[in-house]
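*Asks:* Listed below, chain by chain, are the residues.
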Amino acid sequence: MKKYMIVLAAIAIVLAATSGALASTLTPTVTATGTVIDTCNSPTNGTITFNIDPSGVATLTPQTTDAGNSSPSVKCTNGQTHAVACSSAHANKLTIGNDGITDPIVYTITGCATPLTGAGFTTATSITIGLSIPPANYQNAKIGAHSDIITVTVTY
Amino acid sequence: MIKILSIAVMAATVISMTEMVSAAPPSGFVSETIVVNAQMAAVCQEAQHGSFPNPITIDPLVGSDQTFSPAADETLKCSNGTVFTIKVSSANGTAVGQTCTSSGVSSMALKSAGTPGDSIAYTFMCAGDTDGAGHFTGAGYTTAKAMGISIKVPAASAQTAIAHTDYSDTVTLTISY
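Taken in order, these protein sequences are the chains called E and F.
Just so we're aligned: the first sequence equals residues 1 to 156 in the numbering used here.
Just so we're aligned: the second sequence equals residues 1 to 177 in the numbering used here.
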């Protein structure tokens, strides 16, 4: 009688093992991790062209957004904020022949302190830059074309 | 209790390090340029209206030309470097649009208001021209440029003039630049 019980127990164990194999599933996972890098590219240049009337008494404030001018732009990663810096080729002086010497008209650059927030790489973000020239700086300037080049740098 | 506290401190340290890593330093930059062009305009504006003493006294006994200075010189403010000319016209003379120079414009005339047939010929001069050819150069808008106007009555005109106290003329100056 004792021997018979042992056989039954062995059968039960086998059945249990078999039924367990039929019901099991495998659910492997793959972890995908993507990092959108913070970057910028596609810079475009801008222009500021304007006339100076020396008889004026107001501070001149031409901007890249004025009619006929164009703002520089850049494409940067969406939502990322970047510092903007500006530098002049001739120490913030408009000069005849763009030589940095002849008849300088001193100006200050405005707009560079505003950080730039990227809008992704299908949308260029414009950077509005302006100049400020008080009357005393242009009333005695000589007639003719005065020029300078401003470099706008976006750091990412 | 001591063990639990030390675990909490370690966890805080790990979080802090993670934040430092995510705040990565700038890795690059992109630059663009703005070309700035400004054109200084050539403009002029009257700073002071010229006038002569009223009256000026012409002495027919003086044997030489008589020159009269203005009570107020005509002055202009012009863009620095602007070269301009002054054209003179006389209401009572025949001078029309004559270039004013340091040597003067003739064909000017003072006419008696009460006796229009009586007139005195004179010369209108602009001594401020820079080259003797009627060219003036602006000195900027904080410096008024004097025209150096004056009137010269030739001795012959004065000596033959008929005495009146109502001689006058209106001189029109036209500035071209």
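Please note that the accuracy of each hint is not assured.
Pair ranges (Cβ atoms, derived) [stated by the list, open to error]:
1. A133/F <-> A145/E: 24 to 30 Å
2. G56/E <-> S107/F: 46 to 52 Å
3. T44/E <-> P26/F: 29 to 35 Å
Sample of chain F residues lacking proximity to chain E, with all beta carbon distances greater than 10 Å (derived) [to be verified]:
4. P26
5. S27
6. S31
7. E32
8. V43
9. G50
10. K77
11. T85
12. A139
13. A161
I should point out that these hints are in silico values taken from the structure, not numbers from a laboratory.
All C-beta atoms in this analysis are idealised placements derived from N, C-alpha and C, irrespective of residue type, glycine included.
*Asks:* It remains to establish, for every hint, whether it holds in the given structure.
*Replies:* These are the hints, each one checked on the structure:
| no. | hint | in the structure |
| --- | --- | --- |
| 1 | A133/F <-> A145/E: 24 to 30 Å | holds, 27 Å |
| 2 | G56/E <-> S107/F: 46 to 52 Å | violated, 39 Å |
| 3 | T44/E <-> P26/F: 29 to 35 Å | violated, 21 Å |
| 4 | P26 | violated, 5 Å |
| 5 | S27 | violated, 7 Å |
| 6 | S31 | violated, 5 Å |
| 7 | E32 | violated, 4 Å |
| 8 | V43 | violated, 5 Å |
| 9 | G50 | holds, 20 Å |
| 10 | K77 | violated, 7 Å |
| 11 | T85 | holds, 16 Å |
| 12 | A139 | violated, 8 Å |
| 13 | A161 | holds, 43 Å |
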